[in-house]
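Peer 1: Spelled out from the first residue to the last, the chains are:
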Amino acid sequence: MKLLTCPINGTRPLSEFIFGGEYREAPNQDSCTDAEWAAYVHNRSGAPGDKKEWWYHSPSGTWFIAERNTLTDKVSRTYLLGPNNTANIDINPVQEASK
Amino acid sequence: MQQFDIKKIAPISPIAHAQSNGTVKWDVVNGMKIAVEFASADIEQARKKVLGVTDVSCFERYGVKGPQASQYLADREIAIPANPNAWTLCDQKTLVLRLGSSEFLIEDQLGGLACKKLAGDTMRVAGVYKVPRADAAFILSGSEVLNLFSELCSLDLREKSLSAKDVIMTQVAGISATVLRQTIGGEQVYRVWCDGTYGPYMWDVLLEIAVELGGGAVGLARYQN
Chain A
1 MKLLTCPING TRPLSEFIFG GEYREAPNQD SCTDAEWAAY VHNRSGAPGD KKEWWYHSPS
61 GTWFIAERNT LTDKVSRTYL LGPNNTANID INPVQEASK
Chain B
1 MQQFDIKKIA PISPIAHAQS NGTVKWDVVN GMKIAVEFAS ADIEQARKKV LGVTDVSCFE
61 RYGVKGPQAS QYLADREIAI PANPNAWTLC DQKTLVLRLG SSEFLIEDQL GGLACKKLAG
121 DTMRVAGVYK VPRADAAFIL SGSEVLNLFS ELCSLDLREK SLSAKDVIMT QVAGISATVL
181 RQTIGGEQVY RVWCDGTYGP YMWDVLLEIA VELGGGAVGL ARYQN
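Sequences listed follow chains A and B, in order. Everything in the first sequence is counted per my numbering, starting at 1 for the first residue and increasing by one. Everything in the second sequence is counted per my numbering, starting at 1 for the first residue and increasing by one.
Here chain A stands alone, though its shape is the one from the complex:
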């Protein structure tokens, strides 16, 4: 069973989580060019590597960031995003465990 650690609720089976896509910084829409905005809206990088991703713990309604290597499927850490969120927890990421 694959496990993922929610920064609020702790380590849970992956079945409790929903993937929310890659976390990407939006360009400043007041100052960026149309090409930059179009690239942000339409383009995604499919290259494997270390990515910041949105994940959602559905039973508790918690959105958080997981830093995951999409080649090895190893999560290095998960944390809440936001200026007031201090939880920035290094965790034992996706683990393999026999049920």
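These are calculated hints, taken from the structure and not from any lab test. One or more hints might be untrue.
[To be verified] Simulated restraints on C-beta separations: (1) A:Lys-74 with B:Pro-132: 39 to 47 Å; (2) A:Gly-20 with B:Gly-22: 43 to 51 Å; (3) B:Lys-117 with A:Asn-43: 51 to 59 Å; (4) A:Thr-70 with B:Thr-122: 46 to 54 Å; (5) A:Lys-74 with B:Gly-120: 49 to 57 Å.
Please read these numbers as outputs of a predicted model, since none were measured by experiment. From the three backbone atoms N, C-alpha and C, an ideal C-beta is built for every residue, glycine too.
Chain A is fixed; fit chain B onto it per the hints.
Peer 2: Using the frame of chain A, we list chain B on its own:
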């Protein structure tokens, strides 16, 4: 033509549709029609000791969230847990669950009055948002309850893992649910809340396993005495 006054129709438990088979005794508790008896007292007491499943959706509930929610409750003399994912008992008759840093679920047990009082407070406060609750709620009792959870839930809910004041939000039978362990009348029981629309499904699943393990449905009357 006959006129219906919707205010005069008591709401029914969200689980009622799954309970209509057999001889069920119904009553209205807290304004909700709920199953209070499924079998004789002796049979229900025996089930309760092994694995009893009770519908307590009729308990009064009040949800509140927002950056000022903690202060709002403190001002109204509601004791709140210090940490998220924890619960406490207020005035011995009201459960206060802290579901996050700024979200709370308050549930009156039998005889509790806090929710009615809070619901009657219509004053709007900045940074406080009421959360309408439509939960299906259960009490699971008996010696086999952990065996039931081992079939439905990935988490270890034994005392060693689930401390007395923990609130767990996880999936039970594939549905998002909130779970805690409390003591009612000196007896340790587990509480489960899920969305009311999943109530009949959850009841069916819980009851099927409960019957397999030697337990069964227990009416609310067993907890009213």
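Peer 1: Kindly indicate which numbered hints from before are broken by the structure, ordering the numbers from low to high.
Peer 2: none
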